[in-house]
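Q: Residues per chain, in single letters:
There are 4 protein chains.
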Amino acid sequence: MPVFSEQFDPGPQIAQCGSINLGTKDIEKSLWFFRDLLGMEEVERHGNVAYLRCFQERIHHSLVLTQQDEAVVNSYSFRVKRPQDIDLFKQEFQRQGIEVVDLPAGHEAGRGAAIRFLVPQGEHPFELYYDIDKPAAPAEMRSKLPSNSSKRRGLAVRRIDHMNIQTSPATINQTEQWIRETLGFKRREFANLPDKPDTLMASWLSVTPQVHDLAIGANGLGKTAQLHHVAFNVQDFSDVLTAADTIRDLEISYGVGPGKHGIGQAMYLYVFDPGSDHRVEIYAGGYLIFDPDWEAIEWKRSTLPDGMTWYGDPIDTSTGSRGRHTTGSAGLHR
Amino acid sequence: MPVFSEQFDPGPQIAQCGSINLGTKDIEKSLWFFRDLLGMEEVERHGNVAYLRCFQERIHHSLVLTQQDEAVVNSYSFRVKRPQDIDLFKQEFQRQGIEVVDLPAGHEAGRGAAIRFLVPQGEHPFELYYDIDKPAAPAEMRSKLPSNSSKRRGLAVRRIDHMNIQTSPATINQTEQWIRETLGFKRREFANLPDKPDTLMASWLSVTPQVHDLAIGANGLGKTAQLHHVAFNVQDFSDVLTAADTIRDLEISYGVGPGKHGIGQAMYLYVFDPGSDHRVEIYAGGYLIFDPDWEAIEWKRSTLPDGMTWYGDPIDTSTGSRGRHTTGSAGLHR
Amino acid sequence: MPVFSEQFDPGPQIAQCGSINLGTKDIEKSLWFFRDLLGMEEVERHGNVAYLRCFQERIHHSLVLTQQDEAVVNSYSFRVKRPQDIDLFKQEFQRQGIEVVDLPAGHEAGRGAAIRFLVPQGEHPFELYYDIDKPAAPAEMRSKLPSNSSKRRGLAVRRIDHMNIQTSPATINQTEQWIRETLGFKRREFANLPDKPDTLMASWLSVTPQVHDLAIGANGLGKTAQLHHVAFNVQDFSDVLTAADTIRDLEISYGVGPGKHGIGQAMYLYVFDPGSDHRVEIYAGGYLIFDPDWEAIEWKRSTLPDGMTWYGDPIDTSTGSRGRHTTGSAGLHR
Amino acid sequence: MPVFSEQFDPGPQIAQCGSINLGTKDIEKSLWFFRDLLGMEEVERHGNVAYLRCFQERIHHSLVLTQQDEAVVNSYSFRVKRPQDIDLFKQEFQRQGIEVVDLPAGHEAGRGAAIRFLVPQGEHPFELYYDIDKPAAPAEMRSKLPSNSSKRRGLAVRRIDHMNIQTSPATINQTEQWIRETLGFKRREFANLPDKPDTLMASWLSVTPQVHDLAIGANGLGKTAQLHHVAFNVQDFSDVLTAADTIRDLEISYGVGPGKHGIGQAMYLYVFDPGSDHRVEIYAGGYLIFDPDWEAIEWKRSTLPDGMTWYGDPIDTSTGSRGRHTTGSAGLHR
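Chains as they are written, first to last, in the UniProt record's numbering: chain Y, 1 to 334; chain U, 1 to 334; chain L, 1 to 334; chain H, 1 to 334.
I should point out that these hints are in silico values taken from the structure, not numbers from a laboratory. Possibly wrong hints are sitting among the right ones.
Taking lysine-lysine and the DSS-like style, the derived pairs with C-alpha atoms no more than 25 Å apart in a straight line are [said to hold, decoys possible]:
1. Y:Lys-29 x H:Lys-144
2. U:Lys-300 x Y:Lys-134
3. U:Lys-186 x Y:Lys-134
4. U:Lys-29 x Y:Lys-186
5. Y:Lys-144 x U:Lys-144
6. L:Lys-29 x U:Lys-144
7. Y:Lys-186 x U:Lys-144
8. H:Lys-134 x H:Lys-144
9. H:Lys-300 x L:Lys-144
10. U:Lys-134 x U:Lys-144
11. H:Lys-29 x L:Lys-300
12. L:Lys-300 x H:Lys-81
13. U:Lys-29 x Y:Lys-81
14. H:Lys-186 x L:Lys-186
15. Y:Lys-90 x Y:Lys-186
16. U:Lys-25 x U:Lys-196
17. L:Lys-186 x H:Lys-144
18. U:Lys-25 x U:Lys-90
19. U:Lys-144 x Y:Lys-81
20. L:Lys-144 x H:Lys-186
21. L:Lys-223 x L:Lys-25
22. U:Lys-300 x Y:Lys-144
23. Y:Lys-300 x U:Lys-90
24. H:Lys-144 x H:Lys-81
25. L:Lys-90 x L:Lys-186
26. U:Lys-300 x Y:Lys-300
27. Y:Lys-144 x H:Lys-186
28. L:Lys-81 x H:Lys-300
29. L:Lys-186 x H:Lys-29
30. L:Lys-186 x L:Lys-196
31. H:Lys-186 x L:Lys-134
32. L:Lys-196 x U:Lys-29
33. L:Lys-81 x H:Lys-144
34. H:Lys-300 x L:Lys-134
35. Y:Lys-223 x Y:Lys-81
36. Y:Lys-186 x U:Lys-134
37. L:Lys-186 x H:Lys-81
38. U:Lys-90 x Y:Lys-186
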């Protein structure tokens, strides 16, 4: 730690998109999809719950699969920058009157103490944590590259990239503002609803130089607490093509792609985990934002189709909310 | 700006690798290389000085070419996070007894006030600035994608990626430590000299999630103030292959590549600007570090060859300092 | 020539898809498109006529651009395997009562004597030739690779790949049969019209291991003598993506793509030459057929969408004839 | 079959590089390599012998693995164009005094009657066949694409590409001449030995538009009947990079690559089957020759390094015979 900076305190900050806990009605099928096909490592399994990470992740897990009756999202977890940030965030949430649940170490295997709360109005169950184990992979899976926890395999997803959530158009503006002002995300790109020019259709937000670690969109059916998709990152555009080629030949529900977003300039492919039916994006490329004075890019009705699909399989923008298939969330206490 | 965070002050911080000012004996040949071949935009030209940026950069320039008798590096410039960071850094440098030169707005076209100083012992001329213009490209070059300042063209370098400097093995440890402690760079990966286990051979450092925005290495001839290379980023591994295919067929001095570094996991191609003879890396991919508690990876004698070249055209590691072709720097006052 | 085989005579054979002569209303704009953007070499120019080839072609030209009032196709040219094949084909055509026009050497610059005829019922003007010059490129364009006539540049089309023509559904079966039986093309893949199960919708034909050197389809408006598109080959799928990325940012009419055909398993991108409005396909990959007993693959109504688009930007198959934008042909005597 | 061509007879012709029968001391390890890692299908297994094909091959097999004490090559098999070509070739061989062994249908599973002989002086055991089964893959492996026999998987080799054999410099000229004149291969590119300008160092030969279906080189130790490598084809350059990335992390002996040959313009990666220690090339791209009057390209001492390695991991050309690791062949009667 720089000696010089010890006189300064940046306050509590979120470091990264950490992990998602997906409910699935068929954990074996979900494991086939994420582990055997996408190439994740099953780090730990406790009965109904499996913990997975990608080959370029050293932390314990970025995906939790929980066998349960309803395929809802159990939690969206973010890692904070310093141990003390958990408490600093908790104090601020309580100051704002937000109910906070303390989760003990081990609530998710490999993870230290965490806090859980519902995003105001959005009601998405967010969790914040700092401590997490960095277990070595079994010897036969271990990579010679020390920056990889295991060897590249399968469709070679290398890390969780971002989560894309949806909420009611009635409250999306306030929720997005809260995420920016309290959690410290920056708005990078956005679009308003074609027919409600003061209401967000979607906002792409980040705490890192990525264009988004988290996106929030208006749900076409007015529902709150929805997941649109979780994205996993692959190295190159060619890896997205390989994934498309492979998945088209399997019994997997295929969404849209491959194509290149104008928004974020990344390549996309949307498919559905056959176990849980949650939408998963296989994602590559994109630009990074290092400018400290970045002004959010606005996409208007006329440019939005280019924003959604610069080239390739087109995303339907006619509904104004990018499709109606979303999945709900568990509540605060689960 | 989040309301909540106003009670905190992170102190002065560097935001990004900003630009490099290269002396060249033949500016027309250098412009052919960077503008016509690599595809940069010549934003502004004043006699002996040309300002260029890549198609995904909105700021005024990331490269300055200056026609002069000696092809030294005139400056390495970094952008800070906030306007006040210039003064905060200046106070700290002066507290440490480092001479600081004030550069007025316009010293480099399009740029606001800056400070200049020599890195302790390393003597590389660093400059820090915050304000910089974001001019629109001429209409015919402008991209339909608002995150690109101009259209993709040529070998399609999209942004400056990092700078790799060298200094004497006698002082590299102190210089690297100063860069970490005073400038706030984090050490991400490193190797010590095979024959001097307490002396850095090289250290890869960043203020962003990139594995390096700046690298520093021990110079094989014991020289200080050297440039090993400046790197420009392309989208994909395939873009590096296309660059290699193209450049092999031109009268350009070819260094090493393509290959994939184990260090940073990025694809490399080293060539020499035929106007200035500075080494330029065309660079793609790599992993990003979001872990707030990242521990620097050490490469040892036995693993260093994998670190330099995971696959592809091998970088000679036998000298311990990655080749002897480097170029010096202008002094503090130029 | 093998001594042993001198006792055998394979008869007249077509060696390859040779060149296409496109009428254009704006030859300068067409030259910008094919030469400056796609990267072809302008080998020779005589007033209203320009001759171009790709960087991996050693013959004089694979594309002729002719400035004229009507942007029709002036000829589809195929090269035969031996000098005597011209006369052997001519004798057979005349035996069948087909009118044949003799074209002297130099009718197209760089080309030897040729014959011209209209495909029975289809009325496409075909030309057959054997002799063609192989001029060296100007010194500054020449490649160090002897298998390339010039250096890779632009969007890097490397050779003509195939021509796709259309004719009336009323006569397509006979025309396609004649192409197979008299010209020696083999049917590789095909589909019949959904509503006329005995009538071809399209047939992909080749004299080489490519899945098609020539395709013929039923025209949706019942017109004969139409061009659907001419295709130029690039090295890799990534080159098609780069072309899409580049062309989307230019004022060029964009058709469909990128996507991967199930038919032929190649990557496609359809755009329109802004000078002539002819449709051009940028094409990569695909499989090769070496099996001497290949049985043509039939695509049925249920599988045709996969055949047209395995993944990526979907080609509309609802009309049964792949779009209505086609261009006509000059007659026998022009 | 075209009516018109029935008056002509092209004589016996080889259609394609068919299959190779590799002896291996550890068939389970070889199966792991070819089937589980490279992604081939194990079509049939009879005790010590396994038959494999790639996902884009419809014929019964392109690779036979035979467990035996010596890891020699048991046969190089080529498919002829017509059933009667077997006998026509046999008559010609016998006319030349070459001993021919008749192999009954089923000698290799799935294959019809064949003939076996040793290449004059080279002594490589060649086999010619026409009939071969085209079995459907098991339902769960079958592809939705009818041109693929099974789904893409593993490192995705899609077909055998070519075989590269070596023989003594003392007789290479005669052997290569015989392959051209009797078997009908065409010389596409070649180089003579630096120190023996009248003796071939290597010749790249084909019966198809590929630059080579078969290559023959001078063995550095003067040995005859050697295999340098067998090559399997992947779709794209990116697939070669993925293979390199994957294989570098496994306990597999790594040869050279990735790099791009100037000769043939294809991407290469050489590795060794850990079961048999035969060298295998993973191969992509390259140009196709459609010109009927192609003149073989000669690589001279000064250009040969570019021919071997245009870019990437360099192949050592100093020995004049591309390395000394080769494997011998079984004799005529095995």
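Q: So, for every hint listed, does it hold in this structure?
A: Hints, one by one, checked against the model:
no.: 1; hint: Y:Lys-29 x H:Lys-144; in the structure: holds, 21 Å
no.: 2; hint: U:Lys-300 x Y:Lys-134; in the structure: holds, 22 Å
no.: 3; hint: U:Lys-186 x Y:Lys-134; in the structure: holds, 20 Å
no.: 4; hint: U:Lys-29 x Y:Lys-186; in the structure: violated, 41 Å
no.: 5; hint: Y:Lys-144 x U:Lys-144; in the structure: violated, 43 Å
no.: 6; hint: L:Lys-29 x U:Lys-144; in the structure: holds, 21 Å
no.: 7; hint: Y:Lys-186 x U:Lys-144; in the structure: holds, 23 Å
no.: 8; hint: H:Lys-134 x H:Lys-144; in the structure: holds, 17 Å
no.: 9; hint: H:Lys-300 x L:Lys-144; in the structure: holds, 13 Å
no.: 10; hint: U:Lys-134 x U:Lys-144; in the structure: holds, 17 Å
no.: 11; hint: H:Lys-29 x L:Lys-300; in the structure: violated, 42 Å
no.: 12; hint: L:Lys-300 x H:Lys-81; in the structure: violated, 29 Å
no.: 13; hint: U:Lys-29 x Y:Lys-81; in the structure: violated, 47 Å
no.: 14; hint: H:Lys-186 x L:Lys-186; in the structure: holds, 23 Å
no.: 15; hint: Y:Lys-90 x Y:Lys-186; in the structure: holds, 20 Å
no.: 16; hint: U:Lys-25 x U:Lys-196; in the structure: violated, 37 Å
no.: 17; hint: L:Lys-186 x H:Lys-144; in the structure: holds, 23 Å
no.: 18; hint: U:Lys-25 x U:Lys-90; in the structure: violated, 33 Å
no.: 19; hint: U:Lys-144 x Y:Lys-81; in the structure: violated, 37 Å
no.: 20; hint: L:Lys-144 x H:Lys-186; in the structure: holds, 23 Å
no.: 21; hint: L:Lys-223 x L:Lys-25; in the structure: holds, 22 Å
no.: 22; hint: U:Lys-300 x Y:Lys-144; in the structure: holds, 13 Å
no.: 23; hint: Y:Lys-300 x U:Lys-90; in the structure: violated, 43 Å
no.: 24; hint: H:Lys-144 x H:Lys-81; in the structure: violated, 28 Å
no.: 25; hint: L:Lys-90 x L:Lys-186; in the structure: holds, 20 Å
no.: 26; hint: U:Lys-300 x Y:Lys-300; in the structure: violated, 53 Å
no.: 27; hint: Y:Lys-144 x H:Lys-186; in the structure: violated, 45 Å
no.: 28; hint: L:Lys-81 x H:Lys-300; in the structure: violated, 29 Å
no.: 29; hint: L:Lys-186 x H:Lys-29; in the structure: violated, 41 Å
no.: 30; hint: L:Lys-186 x L:Lys-196; in the structure: holds, 23 Å
no.: 31; hint: H:Lys-186 x L:Lys-134; in the structure: holds, 20 Å
no.: 32; hint: L:Lys-196 x U:Lys-29; in the structure: violated, 64 Å
no.: 33; hint: L:Lys-81 x H:Lys-144; in the structure: violated, 37 Å
no.: 34; hint: H:Lys-300 x L:Lys-134; in the structure: holds, 22 Å
no.: 35; hint: Y:Lys-223 x Y:Lys-81; in the structure: violated, 32 Å
no.: 36; hint: Y:Lys-186 x U:Lys-134; in the structure: holds, 20 Å
no.: 37; hint: L:Lys-186 x H:Lys-81; in the structure: holds, 14 Å
no.: 38; hint: U:Lys-90 x Y:Lys-186; in the structure: violated, 28 Å
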